[in-house]
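Participant: For the record, the sequence lines run as chains A and B. Going by our numbering, the first sequence wraps up at 268, each residue one higher than the last. Going by our numbering, the second sequence wraps up at 268, each residue one higher than the last.
Do not rely on the hints blindly, as some may be mistaken.
One copy or any two copies: either way a pair holds, since identical chains are not told apart in the list.
Unchecked claim - Derived DSS-like pairs (lysine-lysine); straight-line CA-CA distance at most 27 Å:
id	residue 1	residue 2
1	227	171
2	61	188
3	213	199
4	11	227
5	206	159
6	188	171
7	99	181
8	206	61
9	188	99
10	227	206
11	171	206
12	61	199
13	206	99
14	227	99
15	12	213
16	61	12
Hint data in this document are derived by calculation from the structure and do not stem from the laboratory. Just so we're clear, the structure is a prediction, and the values are computed from it rather than from any experiment.
Number of protein chains: 2
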Amino acid sequence: MKKPLILVTNDDGITAPGIRTLIDIVSEFGEVIVVAPDSPQSGMGHAITVNKTLHLDRISPENAPVTEYTTSGTPADCVKMAKYEILNRKIDLCVSGINHGSNSAINVIYSGTMSAVIEAGIEGIPSIGFSLCDFSWGADFSAVKPYIRKIVTEVLENGLPKGVVLNVNIPKLPAEEIKGIKICRQANAKWIERFDKRQSPFGKDYYWLAGEFVCEDKGEDTDEWALNQGYVSIVPVQFDLTAHHYIQELNNWEFHEKD
Amino acid sequence: MKKPLILVTNDDGITAPGIRTLIDIVSEFGEVIVVAPDSPQSGMGHAITVNKTLHLDRISPENAPVTEYTTSGTPADCVKMAKYEILNRKIDLCVSGINHGSNSAINVIYSGTMSAVIEAGIEGIPSIGFSLCDFSWGADFSAVKPYIRKIVTEVLENGLPKGVVLNVNIPKLPAEEIKGIKICRQANAKWIERFDKRQSPFGKDYYWLAGEFVCEDKGEDTDEWALNQGYVSIVPVQFDLTAHHYIQELNNWEFHEKD
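For reference, chain A alone in the conformation it holds in the complex:
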């Protein structure tokens, strides 16, 4: 059987330990190509670069086992460049991460890691985002390997339906304390923000976004619940944002043709 072609990207940038771990793991499964941002892109959401130019640089030597590129763009740009500029072949799998920090609950919306995954999903590529719930650059990725292997194996075997990608979060726990994998829904949670107001040396006010993550969702089927219980969470994610359940109600509103 032909080895699958696997695209690896992330939002912490090419130098992040998380993407190194992910490249190592997926190299066991097929031919790997890396297209990642040349600098960290956290909080970029599903940004694409439309009003600026993009750079693309091959950084791996000719005979390296893995071909690596960096771009000046966002994670979504990386996927677009991989698909439309670098590769002219079918991509069998896209993996993004391992993110340094959680992308559970509402964080999926702000996540550069998941924006790459969703972009690949739009392109019809089976796609998975991996995040470790540890923001530190020196995070310990040793416990994640068997779970990533398992999930990659299953996705390569089963595929994913059109319009569905996976958001995988891994708790910050030693291997022996991780209880297994749970399929979950996205927890209903939000950030209560605070802006830390400071003054520049010239007396101009400026702000840092600060905030506290608050999950009031008490369900035992959410990613937050699973992570708190010591499970790896998998949320199937879709990019049809239509609130289908509300279409009928809106049709009852009085939208006259003209005022």
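Put chain B on the given structure of chain A with help from the hints.
Facilitator: Just chain B, lined up with the frame of chain A:
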């Protein structure tokens, strides 16, 4: 009855004709506060500013009828700053736009206009994004007014349920050719990208993202269909991205605890 407090933002920036039109319209309904980016933010998706500082400037004079602020941040940042730094009151409605260009179909994912709307939705604020399917800065906004009035009236009257916001797109047509309003689902469409490769004066390659929007969805209940038929489209949008229909299938996969 107390006049509603209405937050206006956009992604084309404070100077865009589209936001001026929107401010004029919603000023008929209540007290208006504007918090918008100081420069265009198109394609920013749901980006937030986490690794940089933010500026916030009040640009309207003391006694102006409408209070206006600019920020150096993204549309989502604008909503967060309005809610947590500027206003310490309940916001009754958030409107974003009028975007110069369509945010129908998959464009909702890349849209700064809709990221502000979704951010307000996360905060529990009834929220609507308006886009005119005309990219030009000199777009004619005269036909949009009765539709925006109607939709704002209905949302102020009925509210919106938790987790649902509205994505409104308006066709580029003279008033007499617009047929009315249709409630729709997000069309299944994508961009076939092309990267326009050029060389800098110093011989370095760089790229412009270019592409073609392709809608292969033949449904007559989509926003693309409605717009092409001359209707204003309203898609109810949710930010629970869980593909609920796929949870059961994933539970059949063989996710053993450990390898």
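Participant: Since the copies are identical, ignore which copy is meant and state whether residue 171 and residue 206 lie within 27 Å (CA to CA) inside a copy, between copies, both or neither.
Facilitator: neither (45 Å within a copy, 31 Å between copies)
Participant: Since the copies are identical, ignore which copy is meant and state whether residue 206 and residue 61 lie within 27 Å (CA to CA) inside a copy, between copies, both or neither.
Facilitator: Classified as between; 13 Å across copies, 30 Å inside a copy.
Participant: Cα distance capped at 27 Å. Does residue 99 pair with residue 181 within a copy, between copies, both, or neither?
Facilitator: Classified as neither; 35 Å inside a copy, 37 Å across copies.
Participant: How would you classify residue 61 and residue 12 at a CA-CA limit of 27 Å: within, between, both, or neither?
Facilitator: neither (36 Å within a copy, 42 Å between copies)
Participant: How do residue 61 and residue 188 come out at 27 Å by Cα distance, when the copy is not named: within, between, both, or neither?
Facilitator: neither (46 Å within a copy, 38 Å between copies)
Participant: Have a look at residue 227 and residue 206 and pick one of within, between, both or neither, based on CA distance no larger than 27 Å.
Facilitator: Intra 33 Å, inter 51 Å, cutoff 27 Å: neither.
Participant: Within a copy, between copies, both or neither: which one fits residue 12 and residue 213 at a CA-CA cutoff of 27 Å?
Facilitator: neither (57 Å within a copy, 34 Å between copies)
Participant: When no copy is named, should residue 188 and residue 171 be tagged within, between, both, or neither for a Cα gap of at most 27 Å?
Facilitator: neither (30 Å within a copy, 33 Å between copies)
Participant: Is it within, between, both, or neither for residue 206 and residue 99, if the alpha carbons may be no more than 27 Å apart?
Facilitator: between (49 Å within a copy, 22 Å between copies)
Participant: Under a CA distance limit of 27 Å, which applies to residue 227 and residue 171: within one copy, between copies, both, or neither?
Facilitator: Close across copies (16 Å), not inside one copy (30 Å); limit 27 Å.
Participant: For residue 188 vs residue 99, is the C-alpha pair at or below 27 Å within one copy, between two copies, both, or neither?
Facilitator: neither (36 Å within a copy, 43 Å between copies)
Participant: For the identical chains here, do residue 61 and residue 199 meet the 27 Å Cα criterion within one copy, between copies, both, or neither?
Facilitator: Between. Shortest inter-copy distance 21 Å satisfies the 27 Å Cα cut-off; intra-copy 32 Å does not.
Taken one by one, the earlier hints fail for this structure at numbers 2, 3, 4, 5, 6, 7, 9, 10, 11, 15 and 16, listed in ascending order.
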